[in-house]
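Next come the chains, spelled out residue by residue.
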Amino acid sequence: MAHHEENIKLENHLAMTQHEYEHHKTDVWKTTILLSVVTIVEVVFAIYYEKSLIPAGWPLWALRLFLVAASLIKAVYIMAVFMHVKHEKKAFIFTITIPFTLLIWMIISFMYDGDSWNKMNKNRFGENPHPAVIEQNKSVTKHH
Amino acid sequence: MSAQTTTLDKSSWNGGVEPMKASYGKLMMWYFLISDTFTFVAFLVSYATLRMTNSEAWPKASKVFSSIPIPGLDHLKDLPLVFVSIMTFILIISSVTMVRAVQEGAMMNRKGVIKNLIPTILFGILFLLCQYFEWSHLIEHGMTMTSMPSDFAGENGLVAKQFGSFFFTITGFHGLHVLGGVILNLYLLLKTAKGDFDRLGHYEMVEKIGLYWHFVDLVWVYVFLAFYLM
Chain A
8 MAHHEENIKL ENHLAMTQHE YEHHKTDVWK TTILLSVVTI VEVVFAIYYE KSLIPAGWPL
68 WALRLFLVAA SLIKAVYIMA VFMHVKHEKK AFIFTITIPF TLLIWMIISF MYDGDSWNKM
128 NKNRFGENPH PAVIEQNKSV TKHH
Chain B
255 MSAQTTTLDK SSWNGGVEPM KASYGKLMMW YFLISDTFTF VAFLVSYATL RMTNSEAWPK
315 ASKVFSSIPI PGLDHLKDLP LVFVSIMTFI LIISSVTMVR AVQEGAMMNR KGVIKNLIPT
375 ILFGILFLLC QYFEWSHLIE HGMTMTSMPS DFAGENGLVA KQFGSFFFTI TGFHGLHVLG
435 GVILNLYLLL KTAKGDFDRL GHYEMVEKIG LYWHFVDLVW VYVFLAFYLM
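One line per chain: the protein sequences are A and B, in this order.
Note that my numbering gives residue 48 to position 41 of the first sequence, counting from 1, and the numbers run on in steps of one.
Note that my numbering gives residue 401 to position 147 of the second sequence, counting from 1, and the numbers run on in steps of one.
Honestly, the hints are just simulated from the structure, not real lab data.
Where hints are given, some of them may not hold.
[Said to hold, decoys possible] Keeping only pairs whose Cα atoms sit at most 30 Å apart, straight-line, the calculated DSS-like set for lysine-lysine is:
| # | chain 1 | residue 1 | chain 2 | residue 2 |
| --- | --- | --- | --- | --- |
| 1 | A | Lys145 | B | Lys317 |
| 2 | A | Lys32 | B | Lys314 |
| 3 | A | Lys126 | B | Lys448 |
| 4 | A | Lys97 | B | Lys448 |
| 5 | B | Lys445 | B | Lys369 |
| 6 | A | Lys145 | B | Lys314 |
| 7 | B | Lys365 | B | Lys448 |
[Said to hold, decoys possible] Over 10 Å on every C-beta distance to chain A, these chain B residues come out as not near it, computed from the model:
| # | residue |
| --- | --- |
| 8 | Ser309 |
| 9 | Thr342 |
| 10 | Leu433 |
| 11 | Lys445 |
If you're wondering where the values come from, they're calculated on a predicted model, not measured in any experiment.
Every residue gets a Cβ at the ideal spot worked out from N, C-alpha and C, and that includes glycine.
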């Protein structure tokens, strides 16, 4: 046991059995297919919406919610399988995922702030854009 | 079990056990990636916030990214998001070959690592080339850090000039990461070919640089979402 501890630096701690290796390999192919399919579905939905092929009554937030959820799924699979997080110790998983929870409030609060600015400007200037935006557009390059 | 084992202090705080079963270098690579995540999130959140203050004038992705920007193919119009989807697939495939290289490294298979590192590098370079074409196409069209062409106007007929600066800053920062990854992978290929990791007894460096490479792919998922899909 003591001997084992001394030599830990020289060991291949990534070592897998042949069985584990085959298992991880199929895991990678499955994830590749999943990432590809999710990406294709995302792109098809986004294009269909932009081209208004989806019935007009469909709310934009539903599409956006879908896109965010699909991207989150992709991120989880990349981390779990490609970045090997799935096979790490629990303490390791927590130490790298808990900091990300700080981002949840950051994203919500900043976007809420942006939306609130937009509403404030609408209250002040009606449906017209902010005067600064109109001013900016005087210098926009004409291009054909 | 010998008598020696019982004298070892087994508590986590005295180094008797490895609570994370990971090397120092791997853990530090993860901490670096977490800090880099925060940088990218700051970029993307500021993009989202400014977009929301000016959502009516924000350019539509299907208008901005509607052609194939490769010279000779740029007459193909009205193909929204097709080119950038190809770029996304290039990055996904390079991530797959990278994870295969890590697995072959774990099996101490030098040839397998080399066989998978080469396509990883080539796909990385291909991605950078695509980005070069896209950038030069947009710059030629009049979109720069400070100006926007009028045909990228949003719903209200005006065009938010922040779009250009955000686009070039964020995709540029991501592209810089890809470039860094390509250089690291070239170094890795050289070290592997020389047999340095076989002498060392493990291929952990492949895993650590692999983590960085997957992170670059992970960031692209969100750059793709923010600029092209939403």
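Hint check results:
1. A/Lys145 / B/Lys317: holds (21 Å)
2. A/Lys32 / B/Lys314: violated (40 Å)
3. A/Lys126 / B/Lys448: Roughly 62 Å separates the two Cα atoms, so the pair is violated.
4. A/Lys97 / B/Lys448: violated (36 Å)
5. B/Lys445 / B/Lys369: The given pair, whose Cα atoms are some 14 Å apart, holds under the 30 Å limit.
6. A/Lys145 / B/Lys314: Satisfied, since the Cα-Cα distance of roughly 20 Å is no more than 30 Å.
7. B/Lys365 / B/Lys448: holds (11 Å)
8. Ser309: violated (6 Å)
9. Thr342: With a cut-off of 10 Å, B/Thr342 comes too close to chain A, as the shortest Cβ separation is near 6 Å.
10. Leu433: holds (20 Å)
11. Lys445: Consistent with the label, B/Lys445 stays out of reach of chain A, its closest Cβ about 16 Å off (over 10 Å).
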